[in-house]
Amino acid sequence: KQEVTQIPAALSVPEGENLVLNCSFTDSAIYNLQWFRQDPGKGLTSLLLIQSSQREQTSGRLNASLDKSSGRSTLYIAASQPGDSATYLCALNTPLVFGKGTRLSVIA
Amino acid sequence: SAVISQKPSRDICQRGTSLTIQCQVDSQVTMMFWYRQQPGQSLTLIATANQGSEATYESGFVIDKFPISRPNLTFSTLTVSNMSPEDSSIYLCSVEVWTEAFFGQGTRLTVV
Numbered sequence: 001k002q003e004v005t006q007i008p009a010a011l012s013v014p015e016g017e018n019l020v021l022n023c024s025f026t027d028s029a030i031y032n033l034q035w036f037r038q039d040p041g042k043g044l045t046s047l048l049l050i051q052s053s054q055r056e057q058t059s060g061r062l063n064a065s066l067d068k069s070s071g072r073s074t075l076y077i078a079a080s081q082p083g084d085s086a087t088y089l090c091a092l093n094t095p096l097v098f099g100k101g102t103r104l105s106v107i108a
Numbered sequence: 109s110a111v112i113s114q115k116p117s118r119d120i121c122q123r124g125t126s127l128t129i130q131c132q133v134d135s136q137v138t139m140m141f142w143y144r145q146q147p148g149q150s151l152t153l154i155a156t157a158n159q160g161s162e163a164t165y166e167s168g169f170v171i172d173k174f175p176i177s178r179p180n181l182t183f184s185t186l187t188v189s190n191m192s193p194e195d196s197s198i199y200l201c202s203v204e205v206w207t208e209a210f211f212g213q214g215t216r217l218t219v220v
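Protein chains in written order, with our numbering: chain F, 1 to 108; chain R, 109 to 220.
These are calculated hints, taken from the structure and not from any lab test.
Check the hints yourself; a few may be wrong.
[Claimed, not checked] Result set (DSBU-like, lysine-lysine): computed pairs, CA atoms no more than 35 Å apart in a straight line:
1) Lys173/R / Lys115/R
2) Lys68/F / Lys100/F
3) Lys100/F / Lys173/R
4) Lys42/F / Lys1/F
5) Lys100/F / Lys1/F
6) Lys173/R / Lys42/F
7) Lys115/R / Lys1/F
8) Lys100/F / Lys115/R
9) Lys1/F / Lys68/F
10) Lys42/F / Lys68/F
11) Lys42/F / Lys115/R
12) Lys100/F / Lys42/F
13) Lys173/R / Lys1/F
The task is simple: from the sequences and hints, build the whole structure.
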């Protein structure tokens with residue numbers, strides 16, 4: 001059974017700092033890995049999708065990497081802003097298995 | 109991509125009653141997924157709904173408690189039946205388009 005772990009559970013950084021969120025999984029036979037953002041009490045917004053044959057994806061200030069052999073993915077956020085404050089979830093599909101998320105606070 | 113409209117966005121219900129949540133997608137999709145997010149927890153898949161067939165439920169979830177309808181390729185409903193305070197959660201529907209998952213804004217349910 002696939003298990004997904006996200007570290008740290010919470011993170012607080014000053015505005016402008018670069019940061020890395022970690023996601024690890026137990027079964028390397030994955031299909032896709034997807035990173036989401038969730039604002040309090042809201043639904044999920046898809047940030048990046050990495051196909052199993054890919055090693056990374058980039059969108060703006062976000063870069064996600066995937067290393068299946070080590071069972072790890074990272075989400076890199078450059079030049080963080082207060083608007084980045086949210087919970088970040090990684091999930092493997094299909095069907096989606098989620099980690100518990102990292103709650104990020106960016107302090108102005 | 110896909111745009112998903114979910115209704116209601118939130119509700120407060122009395123224990124013992126039922127609530128039906130609606131999910132409308134802006135394009136035709138084969139499968140629709142229903143998730144539950146309990147307070148402070150991550151998302152757990154409840155069931156997968158295919159048009160024209162019975163939904164497939166995950167371990168720990170049963171049809172009598174969470175009946176699902178899927179009348180066409182753009183619409184689905186999830187009913188939370190005979191509610192108790194333990195059912196207080198955010199319920200979300202999701203679809204996949206070209207392997208990427210998209211979610212509605214969720215229904216925040218509080219059972220009192």
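For each hint, the structure was consulted:
no.: 1; hint: Lys173/R / Lys115/R; verdict: holds, 19 Å
no.: 2; hint: Lys68/F / Lys100/F; verdict: holds, 20 Å
no.: 3; hint: Lys100/F / Lys173/R; verdict: holds, 25 Å
no.: 4; hint: Lys42/F / Lys1/F; verdict: holds, 28 Å
no.: 5; hint: Lys100/F / Lys1/F; verdict: holds, 16 Å
no.: 6; hint: Lys173/R / Lys42/F; verdict: holds, 24 Å
no.: 7; hint: Lys115/R / Lys1/F; verdict: holds, 33 Å
no.: 8; hint: Lys100/F / Lys115/R; verdict: holds, 25 Å
no.: 9; hint: Lys1/F / Lys68/F; verdict: holds, 16 Å
no.: 10; hint: Lys42/F / Lys68/F; verdict: holds, 30 Å
no.: 11; hint: Lys42/F / Lys115/R; verdict: holds, 13 Å
no.: 12; hint: Lys100/F / Lys42/F; verdict: holds, 15 Å
no.: 13; hint: Lys173/R / Lys1/F; verdict: holds, 25 Å
Hint compliance for this structure: no hint is broken.
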